[in-house]
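**Student:** Start from the sequences and build out the full structure, keeping to the hints where you can.
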Amino acid sequence: DAGVTQSPTHLIKTRGQQVTLRCSPKSGHDTVSWYQQALGQGPQFIFQYYEEEERQRGNFPDRFSGHQFPNYSSELNVNALLLGDSALYLCASTIQGFSNSPLHFGNGTRLTVT
Amino acid sequence: QQQVKQSPQSLIVQKGGISIINCAYENTAFDYFPWYQQFPGKGPALLIAIRPDVSEKKEGRFTISFNKSAKQFSLHIMDSQPGDSATYFCAARISGSARQLTFGSGTQLTVLP
Numbered sequence: 254d255a256g257v258t259q260s261p262t263h264l265i266k267t268r269g270q271q272v273t274l275r276c277s278p279k280s281g282h283d284t285v286s287w288y289q290q291a292l293g294q295g296p297q298f299i300f301q302y303y304e305e306e307e308r309q310r311g312n313f314p315d316r317f318s319g320h321q322f323p324n325y326s327s328e329l330n331v332n333a334l335l336l337g338d339s340a341l342y343l344c345a346s347t348i349q350g351f352s353n354s355p356l357h358f359g360n361g362t363r364l365t366v367t
Numbered sequence: 005q006q007q008v009k010q011s012p013q014s015l016i017v018q019k020g021g022i023s024i025i026n027c028a029y030e031n032t033a034f035d036y037f038p039w040y041q042q043f044p045g046k047g048p049a050l051l052i053a054i055r056p057d058v059s060e061k062k063e064g065r066f067t068i069s070f071n072k073s074a075k076q077f078s079l080h081i082m083d084s085q086p087g088d089s090a091t092y093f094c095a096a097r098i099s100g101s102a103r104q105l106t107f108g109s110g111t112q113l114t115v116l117p
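These protein sequence lines map, in sequence, to chains A and B. All residue numbers for the first sequence refer to the numbering used here, where the first residue is 254 and numbers rise by one. All residue numbers for the second sequence refer to the numbering used here, where the first residue is 5 and numbers rise by one.
Where hints are given, some of them may not hold.
Derived coverage of chain B by chain A (criterion: at least 3 residues anywhere in the stretch with Cβ under 8 Å from a Cβ of chain A; other residues may be distant) [as the list claims (entries may be wrong)]: (1) 47 to 60; (2) 107 to 116.
In silico lysine-lysine, BS3-like type, Cα no more than 25 Å apart, as pairs [unchecked claim]: (3) A/Lys279 - B/Lys46; (4) B/Lys62 - B/Lys75; (5) B/Lys61 - B/Lys72; (6) B/Lys75 - B/Lys9; (7) A/Lys266 - B/Lys75; (8) B/Lys72 - B/Lys62.
Ranges between beta-carbon positions, derived for each pair [as the list claims (entries may be wrong)]: (9) A/Asn330 - B/Ser73: 43 to 49 Å; (10) B/Pro56 - A/Phe351: 17 to 23 Å; (11) B/Pro12 - A/Asp283: 35 to 41 Å; (12) A/Asn332 - B/Lys72: 40 to 46 Å; (13) B/Ser73 - A/Asn353: 22 to 28 Å; (14) B/Thr32 - A/Ser354: 19 to 25 Å; (15) A/Asn324 - B/Ile16: 25 to 31 Å; (16) A/Thr273 - B/Ile98: 28 to 34 Å; (17) A/Thr262 - B/Arg55: 30 to 36 Å; (18) A/Thr258 - B/Lys72: 34 to 40 Å; (19) B/Ala33 - A/Thr267: 39 to 45 Å.
Everything labelled a hint here was simulated from the structure, so no lab data went into it. Please read all numbers here as calculations on a predicted model, not as lab measurements. Even for Gly, the Cβ is constructed at its ideal location relative to N, Cα and C.
**Tutor:** As structure tokens, this is what we get:
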């Protein structure tokens, strides 16, 4: 049973560029959340997708956008990259209908902005 | 009010000792408190979780103690092993927030052999 998978594992971009990160949820999960983890910090919630719609959003600018596909996979897009966007981006999945369903995290995409 | 404050930032324990990590929160709307373990190059993995209607939960060598009146909770790792060396995060979730977790800043645990 595959867990949450993310691609790519590492990415280097230049300031001002755009980036797309991808996530496949754990089998049976229908809800995907994205978190940003800066070096030495805890993950910070970016947004959550369920039924192909953004359901909740953290304190991140509109440069951060996402999408969820009918197969529950998801993308995170970041436009106009800033040096401060350098971080580990984590995808987490869960089952929406079960309040006790925990979040399962992928191993993340390490984004470096130069 | 959304913050979860975690301490200490780093912890060094001898093999076989007890590791204790503490967290405090302000928002009384939090209703679920998980602990995550993260190894270098990996995503966080759920270790153990508790709800505020119980004061303690134990799973193997890991115990959460919860003090609702003080708005504090802690993770105890008994008989700590070198393989427990990792970064530990406490987190909290608001009731009805659809799985949005607020994380602490993390504790880097080193267990010496």
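**Student:** Now, for every hint given, state plainly whether the structure supports it.
**Tutor:** Right, here's what the structure says about each hint:
Note: the region 47 to 60 of chain B has 5 residues with beta-carbon separation from chain A under 8 Å; the three-residue rule is met and the coverage holds. Under the rule that three or more residues need a Cβ within less than 8 Å of chain A, the assignment of the region 107 to 116 of chain B holds, with 4 such residues. Proposed proximity of lysine 279 of chain A and lysine 46 of chain B is supported: the alpha carbons are some 16 Å apart, at most 25 Å. Between lysine 62 of chain B and lysine 75 of chain B the CA atoms are separated by roughly 19 Å; this keeps the pair inside 25 Å, and the hint holds.
As the CA atoms of lysine 61 of chain B and lysine 72 of chain B are separated by approximately 14 Å, the hinted pair is consistent with the 25 Å bound. With a C-alpha separation of about 11 Å, the suggested pairing of lysine 75 of chain B with lysine 9 of chain B holds against the 25 Å cut-off. The hinted pair formed by lysine 266 of chain A and lysine 75 of chain B fails the criterion: a straight-line CA distance of about 42 Å is larger than 25 Å. Taken as a hint, the lysine 72 of chain B and lysine 62 of chain B pair is honoured in the structure, with Cα atoms around 17 Å apart against an allowance of 25 Å.
The hinted range of 43 to 49 Å is satisfied by asparagine 330 of chain A and serine 73 of chain B, whose Cβ atoms lie roughly 44 Å apart. With their beta carbons about 19 Å apart, proline 56 of chain B and phenylalanine 351 of chain A fall inside the hinted range of 17 to 23 Å. At roughly 38 Å, the beta carbons of proline 12 of chain B and aspartate 283 of chain A sit within the given window of 35 to 41 Å. Under the hint 40 to 46 Å, the C-beta atoms of asparagine 332 of chain A and lysine 72 of chain B, about 43 Å apart, fit the expected range.
Look at serine 73 of chain B against asparagine 353 of chain A: about 25 Å separates their beta carbons, and that is inside 22 to 28 Å. The hint said 19 to 25 Å for the Cβ distance between threonine 32 of chain B and serine 354 of chain A, and at roughly 24 Å that hint holds. Restraint check, asparagine 324 of chain A to isoleucine 16 of chain B: a C-beta distance of roughly 45 Å breaks the suggested window 25 to 31 Å. Between threonine 273 of chain A and isoleucine 98 of chain B the C-beta distance comes to about 30 Å, which sits within the given range of 28 to 34 Å.
The hint said 30 to 36 Å for the Cβ distance between threonine 262 of chain A and arginine 55 of chain B, and at roughly 35 Å that hint holds. Between threonine 258 of chain A and lysine 72 of chain B the C-beta distance comes to about 38 Å, which sits within the given range of 34 to 40 Å. Against the hinted window of 39 to 45 Å, the Cβ-Cβ separation of alanine 33 of chain B and threonine 267 of chain A comes to about 41 Å, which satisfies the hint.
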